[in-house]
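Could you build the full structure based on these sequences and the hints that come with them?
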Amino acid sequence: MSEKTVTTEQAASTEHETGGISIGHVGLYATLIGLVGFYLLPIESGLVTSIKTPTALQETFPFLPPLSASGVTVEKWQVAFEYLAPGMVNSVLFTIPSTILCAILGSMAAYGLTLVNWRGQIAVLALFIAGIFVPYQAVIVPLFQFWSQYMQLSARLSFLWGLPLLERHHATILELIITHTAYGVPIVTLLFRSQYKTMSGEMIEAARLDGASVWRVYRRIVLPLSIPMFAVVFIFQFTQIWNEFLFSLTIIGSVNNPAASATLILSGLGQSLEGTDYPLRMAGAFITALPTLLVYVLFADKFAEGVQT
Amino acid sequence: MKRFLALLRSVRRKRDEGDEHRVRTDGGTAEERSTLRRWLDSDIVQSSPFWLPPFLLMGFFVYAAIGWNLLLSLTEYSGFGDPDYSNLGLHNYRAMLDDPGMWAATRNTFVLLIGFTVVCLIVGLLLALLLDREIRFSRSFRTIYLLPFALSFIVTAQFWRWMYNVNNGIVNQFIGLFGLGPYNWLGSPRLVLGAVIFALVWQFSGYTMIIYLAALRSIPNDQYEAARVDGANTLRMYWRVIIPQLRPATVSASVVLVLFALKAFDFLYATFDGYRPRRGADILATKMVRESFGRSEWAYGSSIAIMLFVVSLAVIAPYLYNQYKRGNL
Numbered sequence: 001m002s003e004k005t006v007t008t009e010q011a012a013s014t015e016h017e018t019g020g021i022s023i024g025h026v027g028l029y030a031t032l033i034g035l036v037g038f039y040l041l042p043i044e045s046g047l048v049t050s051i052k053t054p055t056a057l058q059e060t061f062p063f064l065p066p067l068s069a070s071g072v073t074v075e076k077w078q079v080a081f082e083y084l085a086p087g088m089v090n091s092v093l094f095t096i097p098s099t100i101l102c103a104i105l106g107s108m109a110a111y112g113l114t115l116v117n118w119r120g121q122i123a124v125l126a127l128f129i130a131g132i133f134v135p136y137q138a139v140i141v142p143l144f145q146f147w148s149q150y151m152q153l154s155a156r157l158s159f160l161w162g163l164p165l166l167e168r169h170h171a172t173i174l175e176l177i178i179t180h181t182a183y184g185v186p187i188v189t190l191l192f193r194s195q196y197k198t199m200s201g202e203m204i205e206a207a208r209l210d211g212a213s214v215w216r217v218y219r220r221i222v223l224p225l226s227i228p229m230f231a232v233v234f235i236f237q238f239t240q241i242w243n244e245f246l247f248s249l250t251i252i253g254s255v256n257n258p259a260a261s262a263t264l265i266l267s268g269l270g271q272s273l274e275g276t277d278y279p280l281r282m283a284g285a286f287i288t289a290l291p292t293l294l295v296y297v298l299f300a301d302k303f304a305e306g307v308q309t
Numbered sequence: 001m002k003r004f005l006a007l008l009r010s011v012r013r014k015r016d017e018g019d020e021h022r023v024r025t026d027g028g029t030a031e032e033r034s035t036l037r038r039w040l041d042s043d044i045v046q047s048s049p050f051w052l053p054p055f056l057l058m059g060f061f062v063y064a065a066i067g068w069n070l071l072l073s074l075t076e077y078s079g080f081g082d083p084d085y086s087n088l089g090l091h092n093y094r095a096m097l098d099d100p101g102m103w104a105a106t107r108n109t110f111v112l113l114i115g116f117t118v119v120c121l122i123v124g125l126l127l128a129l130l131l132d133r134e135i136r137f138s139r140s141f142r143t144i145y146l147l148p149f150a151l152s153f154i155v156t157a158q159f160w161r162w163m164y165n166v167n168n169g170i171v172n173q174f175i176g177l178f179g180l181g182p183y184n185w186l187g188s189p190r191l192v193l194g195a196v197i198f199a200l201v202w203q204f205s206g207y208t209m210i211i212y213l214a215a216l217r218s219i220p221n222d223q224y225e226a227a228r229v230d231g232a233n234t235l236r237m238y239w240r241v242i243i244p245q246l247r248p249a250t251v252s253a254s255v256v257l258v259l260f261a262l263k264a265f266d267f268l269y270a271t272f273d274g275y276r277p278r279r280g281a282d283i284l285a286t287k288m289v290r291e292s293f294g295r296s297e298w299a300y301g302s303s304i305a306i307m308l309f310v311v312s313l314a315v316i317a318p319y320l321y322n323q324y325k326r327g328n329l
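Those sequence lines, one after another, are chains A and B. Using full-length UniProt numbering, read the first sequence as starting at 1 and increasing by one per residue. Using full-length UniProt numbering, read the second sequence as starting at 1 and increasing by one per residue.
What the hints contain is simulated information worked out from the structure, not anything from laboratory work. Glycine included, every Cβ here is placed at the ideal spot set by N, Cα and C. Among the hints, a few may not be true.
As the list claims (entries may be wrong) - Below, a list of computed lysine-lysine pairs in the DSSO-like style, where the Cα atoms sit at most 27 Å apart:
1) A:Lys302 <-> B:Lys325
2) A:Lys302 <-> A:Lys197
3) A:Lys197 <-> B:Lys325
As the list claims (entries may be wrong) - Some chain B residues close to chain A (C-beta under 10 Å, calculated; not the full set):
4) Leu72
5) Leu74
6) Val111
7) Ile114
8) Met163
9) Ile306
What the hints assert, rightly or not - Here are some chain B residues the structure puts well away from chain A; computed CB gaps all over 10 Å:
10) Ser34
11) Trp39
12) Gly179
13) Ala214
Written out as structure tokens, the structure is:
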């Protein structure tokens, strides 16, 4: 026993030099692959469950696929898609505009608070950063009151609802766009700031001394240099806003509202007095997660970059 | 560089044109003009079009909303008509002290916050240490461990309800191999919080891993070498040399983890089909929504929201102060 431990330790400390296969290596890869199992199992189990017929669900272990082709059905996916399709459209309608608005406003704020120096800047910046950490519960009652009692966008904008493509429930979508933008701005500002702080001050200083206006420096120097950060922010904010739930619950209120978001519909899917329809829920979970999973798989590195900063 | 110089030249040209233009149109005495000019040219005014609009938008929806919430928490508003702001008092906060559910929710909130954050940090650090070396497919491993982070609470809650299922959930089947269980993970007041923390660690440990990996990579290689030359073994080297340097990463990761833990409401909502979680899983966030939207005790709900805000402020204020002192802000 003790002999074995020594070997492992030696192997671990010499692996850089030898590079060969050792017990330490085998142990390491076994651990890593075991962890892959741990992180994928709940997702895999959900996926196989979503395509099982009721009999297959009874017969097989939750993590095993249906034993034969007769146990496979896509019915739950069809049903889930029917329920979720309007929600997916609504989620796209508020996620994309607020993501873009967040990125633009956040980059502007970060520039105004980082690359242009003035007194009192830190205080304003602290308010921005502290804004990231406000729990949504602390504002949902006022938000609910503000939108439902004081603004009443749907009535105020009634002249719009006769136009093609516009519907009354788009007022709620607009409320969500504004709310998500306001809450995304702090974190996006911090993301851009982390980049702007490392930007060469000399170049900007030189341009400023030569009389370039604040606006000009932003458009000609800062903006072109922050395009990679824009990509990170788009990916990060898209995921965050798409996955958000509490604002949907507060502002939309009910699953039956035509403005209901995908997450809101999923939270009430397949729920009845007889119990939960797990296969339906799993299918719904995958459909709802599809856009963010796609972003994750396609832009894995950018995603990780966004998480890091 | 060449392009930049050309840019500078064009900037200078434009500025000169601008100056001529200004001289022609400016009115008023020379003294007035210079004061106004100086003010208009000051950096705070010049940069305000950039930060002021986002600031106002955020300020209104975040800070004004919190102020409004504070005001509401001093009223007796119960959802009918407009709140009566003329008779403000601390009665909601007094009622909190007599509310046994409030104590349970506060306790559970702290257990969740601390348990989740600590376990996530440890698991994330271990993952990062495993991956911080020459490994084949290390990017694929990283991508898979971070994958749950891309999913929403509502989606992961569906997966974990299924994992924790009493009858044929994988968790019970797994511990059954060792002759344990089955347990009603989500139904038992003693187990539910642990089960929720476990699922959340599954979702967020990949995030902690990424933070630690970035920090590990920024440690210069010769520090590992120096430790090794001194004859320290691997474990000691990590404990004495590497881990102490991960402090800033630990601080920033914990702050974000606390933030996620405060949002655990979404997870509980989806796990229990509403804001009435099983006994043992009620946290301030679920209680707040239940009092406000469920029972129309809007004022009382607002006072719980203020409690929650104070909890997050207690976490964030030292962090912000620390960042400010280190000049990171």
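Hint-by-hint comparison with the structure:
Restraint check for Lys302 of chain A and Lys325 of chain B: not satisfied, since their Cα atoms lie roughly 31 Å apart, outside the 27 Å limit. With a C-alpha separation of about 20 Å, the suggested pair Lys302 of chain A and Lys197 of chain A falls inside the 27 Å cut-off, and the hint holds. Straight-line distance between C-alpha atoms of Lys197 of chain A and Lys325 of chain B comes to about 17 Å, which keeps the hinted pair within the 27 Å bound. Taken as an interface hint, Leu72 of chain B checks out: its beta carbon lies about 6 Å from the nearest beta carbon of chain A, inside 10 Å.
For Leu74 of chain B, the interface hint is violated, since its Cβ never comes within 10 Å of a Cβ in chain A; the closest pair sits about 13 Å apart. The restraint placing Val111 of chain B at the interface with chain A is violated, with a minimum CB-CB distance near 17 Å, outside the 10 Å limit. Of the supplied interface hints, the one on Ile114 of chain B is violated, with its beta-carbon coming no nearer than about 16 Å to a beta-carbon of chain A, more than 10 Å. With a least beta-carbon distance of about 5 Å to chain A, the hint placing Met163 of chain B at the interface is held under the 10 Å criterion.
Given hint, Ile306 of chain B at the interface with chain A, holds; its Cβ is 7 Å from that chain's nearest Cβ, closer than 10 Å. Every Cβ of chain A is farther than 10 Å from the Cβ of Ser34 of chain B; the closest lies at roughly 17 Å, confirming the non-interface assignment. Residue placement check: Trp39 of chain B keeps its beta carbon more than 10 Å from all beta carbons of chain A (closest about 12 Å). Every CB of chain A lies more than 10 Å from the CB of Gly179 of chain B, the least distance being 18 Å, so the non-interface label holds.
Not every CB of chain A is more than 10 Å from the CB of Ala214 of chain B (nearest about 5 Å), against its label as outside the interface.
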